[in-house]
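**Student:** Listed below are the residues making up each chain.
Number of protein chains: 2
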Amino acid sequence: MSAAFHIEKTSGLARAGRLITPHGEVATPVFMPVGTLASVKGIPQDTLEELGAQIILGNTYHLYLRPGVETIRRLGGLHRFMSWPRAILTDSGGFQVFSLNELRKVTEEGVTFRSHLDGSSHFFSPESAMEAQIGLGADIIMTFDECTEFPANRDRARASMELTLRWAERSKQYFEEHKQEVAWAGKARVGTDAFVRPLGQRAGCGLSDDHTLGAGKEAGGREERAAELRSAGRTNASVPTQSLFGIVQGGMDRELRRESAERTVEIGFPGYAIGGLSVGEPRELTREIVESTLEHLPKDKPRYLMGVGTPEEIVEYSSLGVDMMDCVLPTRAARHGLLFTSEGKISIKQARYTQDQGPLDPNCSCRVCRRYSRAYLRHLYASNEMLAQVLNTIHNLTFYLDLMARVRHSIQLGEESRFLSGVWSQPKP
Amino acid sequence: MSAAFHIEKTSGLARAGRLITPHGEVATPVFMPVGTLASVKGIPQDTLEELGAQIILGNTYHLYLRPGVETIRRLGGLHRFMSWPRAILTDSGGFQVFSLNELRKVTEEGVTFRSHLDGSSHFFSPESAMEAQIGLGADIIMTFDECTEFPANRDRARASMELTLRWAERSKQYFEEHKQEVAWAGKARVGTDAFVRPLGQRAGCGLSDDHTLGAGKEAGGREERAAELRSAGRTNASVPTQSLFGIVQGGMDRELRRESAERTVEIGFPGYAIGGLSVGEPRELTREIVESTLEHLPKDKPRYLMGVGTPEEIVEYSSLGVDMMDCVLPTRAARHGLLFTSEGKISIKQARYTQDQGPLDPNCSCRVCRRYSRAYLRHLYASNEMLAQVLNTIHNLTFYLDLMARVRHSIQLGEESRFLSGVWSQPKP
Chain P
551 MSAAFHIEKT SGLARAGRLI TPHGEVATPV FMPVGTLASV KGIPQDTLEE LGAQIILGNT
611 YHLYLRPGVE TIRRLGGLHR FMSWPRAILT DSGGFQVFSL NELRKVTEEG VTFRSHLDGS
671 SHFFSPESAM EAQIGLGADI IMTFDECTEF PANRDRARAS MELTLRWAER SKQYFEEHKQ
731 EVAWAGKARV GTDAFVRPLG QRAGCGLSDD HTLGAGKEAG GREERAAELR SAGRTNASVP
791 TQSLFGIVQG GMDRELRRES AERTVEIGFP GYAIGGLSVG EPRELTREIV ESTLEHLPKD
851 KPRYLMGVGT PEEIVEYSSL GVDMMDCVLP TRAARHGLLF TSEGKISIKQ ARYTQDQGPL
911 DPNCSCRVCR RYSRAYLRHL YASNEMLAQV LNTIHNLTFY LDLMARVRHS IQLGEESRFL
971 SGVWSQPKP
Chain U
551 MSAAFHIEKT SGLARAGRLI TPHGEVATPV FMPVGTLASV KGIPQDTLEE LGAQIILGNT
611 YHLYLRPGVE TIRRLGGLHR FMSWPRAILT DSGGFQVFSL NELRKVTEEG VTFRSHLDGS
671 SHFFSPESAM EAQIGLGADI IMTFDECTEF PANRDRARAS MELTLRWAER SKQYFEEHKQ
731 EVAWAGKARV GTDAFVRPLG QRAGCGLSDD HTLGAGKEAG GREERAAELR SAGRTNASVP
791 TQSLFGIVQG GMDRELRRES AERTVEIGFP GYAIGGLSVG EPRELTREIV ESTLEHLPKD
851 KPRYLMGVGT PEEIVEYSSL GVDMMDCVLP TRAARHGLLF TSEGKISIKQ ARYTQDQGPL
911 DPNCSCRVCR RYSRAYLRHL YASNEMLAQV LNTIHNLTFY LDLMARVRHS IQLGEESRFL
971 SGVWSQPKP
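Sequence lines, in order, name chains P and U. Anchor point for the first sequence: position 397 equals 947 in my numbering, and the numbering is continuous, going up by one each time. Anchor point for the second sequence: position 368 equals 918 in my numbering, and the numbering is continuous, going up by one each time.
Isolated chain P, as found in the complex (with noise of 0.2 angstroms):
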């Protein structure tokens, strides 16, 4: 059983709906923060509780690289190793490798590549990124992908597109005959955050303590398991089980991306990304490529638009009728001092802000527009005290968090979908 998706509300293009996870529900449209390591940097998993993160995304690749996809698996999974009970979606490391350019070959089988870190050799394939994301155990994962470069000709957007077809048949066969194998198989219930508590609360809850028997089960490795789990019945469709879903690419060709949705619909995945965007080009190209691909997804199911992006544009995408958003922007943008406000953007560095007694945000009712200044918040990251990276990005969060509220709340309402781009007010002068 893989998540649902239902829609509640529809205004102009835009759906506000809910996706059910294994680990909870997700109301959308939703912007996911990205937790690339099983940490968005310097935030506490109890914080992000506060702030309303409702799903959070993790890197495959890193991930696989540190700790390695072994350790968390026999850990229970990502959700148990980080102590995060909601919704994670993990990509399926095509994008990082892609952008390890000089580092990376790529054939009909997968990608051999360095890594970024002691340069060691390493390969993915289809089936291998769904065996590394099965291990880490998102509720949502994603079909290995090729990531067309850009600018790129025709011929070449056609064969990368036509690998990815490839490789999206590989990684549903893969992870049909293996989703079973989840940490989590058959223990995480739907839209309740039970299974994954503290560890001070162990006691007293027999799902819990057979989730901590099955992950301590470290000897047995995976055969073992799967074996276990199918003479325990429990590979019938109402267990719960990850969803795979699959991208569409074809570069800027609006014809090649009708074609790459067309046919990634017709292998049928649970949801859709549209992948290959904000890869260098235009934004006005971005938002039309966009556009003419949702024409092409089905309606029924989640849209995900991957790396993006600014507040005008998770906006403007909503508007379009895109479901799930992730973009690094908010957090790396908020350890460069760079935060997102109801007036505009700010660059905290300024002098200007030295003995500005103001909050960051007059809008904004996070706990640090309600408790520090802007000379503060100016002084520690001027001072690179490590607590301006952690107090910049509870803002920039929270900024993003509450502006996709707003946005659902609009769509809720059924205001015309050009009503949204009022959520994110203009930028100051």
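Rather than coming from a laboratory, the hints here were simulated on the basis of the structure. Incorrect hints may have been included.
To be verified - List time: in silico SDA-like cross-link candidates among lysine to any residue, alpha-carbon distance up to 20 angstroms: (1) P:Lys899 with U:Arg616; (2) U:Lys899 with P:Arg616; (3) U:Lys655 with U:Ala702; (4) P:Lys899 with U:Val619; (5) U:Lys895 with U:Pro912; (6) U:Lys722 with U:Ile817; (7) U:Lys899 with P:Asp668; (8) P:Lys559 with P:Glu575; (9) U:Lys899 with P:Gly618; (10) P:Lys899 with U:His672; (11) U:Lys895 with U:Arg956.
Said to hold, decoys possible - Over 12 angstroms on every C-beta distance to chain U, these chain P residues come out as not near it, computed from the model: (12) Glu575; (13) Ala588; (14) Glu677.
All values reported here derive from a predicted model rather than from experimental measurement. Beta carbons: idealized from backbone N, C-alpha and C, even for Gly.
Here the structure of chain P is known, so what remains is to put chain U in place on it, guided by the hints.
**Tutor:** Frame of chain P, contents of chain U only:
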């Protein structure tokens, strides 16, 4: 009116008491986390409050360089600047300047030193160090002293001690003449957190608005402010002011320490610190000097042992009658992956913890031990994730603060001071 100190219970030489500052009461013996640049590295102030930190320490030398005393003074002082409503102590900069070694030059008048940041030249005298500390506005401030190097012969130790005594007199004289100039003079309330509140809660409280107005008078400057305060009749003895503590020096010579203590007490301060220790001498010698110096300090005043120490040491010195201690050890060690637990010290980077699903310290109830496994903490540290430093610091501070709470409890119960040594169990072999 400077801070009052009440001893509630003694047990052997140990004392449990209450230090009443303009920003709340402090139960003693107390450990003060170090917040060098107006931040305990990586830890938001609300978390510090949750951990039970009653008083924190700021470093005058660092704050003088960044963001500068005048900036903090104009913003209403350290409490308001960093939004920390509880007590603060600042050092005088003497020890920090002493640490600069090659970058300083000491004369009768004061110390010329070069900034570790940009090499610029600066000068601290007893008067300018008091001026800086009044500008910063901590509850407890320290006389400007010379920290005698180790080793030092008797002549050198005596000369240094005599200089510190002359500087103590000058420190006191300047402080007495200017203590009404602190930003919160007449505004802080003894025993309440009310006067510094989150920005979002400003409205509806005259005290805070008044405070905001006062801090906002940036153009006026110090002299105008002092005149204003005098004319307002706020210089009477019941107005809360900062407290200036004296510092005993004298190298590693018991006789000089006795003389330094007696002559510092003769000058007269509401509290006394033992400085010039933990500068490279053997621990046995530290203990001997502390023990003998304490005999010559008044029983009814708080005694502050500067820059100490390990968990064993803070327990031991509490049992000898020390009331206040500070050290970078719990926070700095945390950032290097060294964690204090009820079962001894742990270096979380070790590979042995890669698969360890247990909590960091099974006997600790901090939010880190309740939620995360050693395996996860090991991964965060090995991957250079910022969250490692944040979580490690939360745990180590919890360990120190809880340890001191147990020490206070032991004293309150009237248990023999030697019992205190059992509070901190033996490290693992």
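**Student:** None of the hints should be skipped; say for each whether it holds.
**Tutor:** Status of the hints after comparison with the structure:
For the proposed pair Lys899 of chain P and Arg616 of chain U, the alpha carbon gap of about 13 angstroms is at most 20 angstroms, so the pair holds. Distance restraint check for Lys899 of chain U and Arg616 of chain P: the Cα-Cα separation of roughly 13 angstroms lies within the 20 angstroms cut-off, and the hinted pair is therefore satisfied. For the hint pairing Lys655 of chain U with Ala702 of chain U, the CA-to-CA distance comes to about 17 angstroms; that is within 20 angstroms, so the pair holds. Proposed proximity of Lys899 of chain P and Val619 of chain U is supported: the alpha carbons are some 19 angstroms apart, at most 20 angstroms.
Pair hint Lys895 of chain U plus Pro912 of chain U holds up; C-alpha atoms about 13 angstroms apart against a cutoff of 20 angstroms. Annotation: proposed proximity of Lys722 of chain U to Ile817 of chain U holds, straight-line Cα distance about 8 angstroms (limit 20 angstroms). With a C-alpha separation of about 18 angstroms, the suggested pairing of Lys899 of chain U with Asp668 of chain P holds against the 20 angstroms cut-off. Proposed proximity of Lys559 of chain P and Glu575 of chain P is supported: the alpha carbons are some 16 angstroms apart, at most 20 angstroms.
For the suggested pair Lys899 of chain U and Gly618 of chain P, the alpha carbons sit about 16 angstroms apart, so the restraint of at most 20 angstroms is met. Restraint check for Lys899 of chain P and His672 of chain U: the C-alpha separation of about 25 angstroms exceeds 20 angstroms, so the hint is violated. A threshold of 20 angstroms between alpha carbons decides the hint, and for Lys895 of chain U with Arg956 of chain U the separation of about 19 angstroms falls inside it, so the pair holds. No beta-carbon of chain U is positioned within 12 angstroms of the beta-carbon of Glu575 of chain P; the least distance is around 22 angstroms.
Some Cβ of chain U comes within 12 angstroms of the Cβ of Ala588 of chain P; the nearest lies about 7 angstroms off, and the non-interface call is violated. Once the 12 angstroms rule is applied to beta carbons, Glu677 of chain P is consistent with being away from chain U; the minimum gap is 26 angstroms.
Of the numbered hints stated above, those contradicted by the structure are hints 10 and 13, listed in ascending order.
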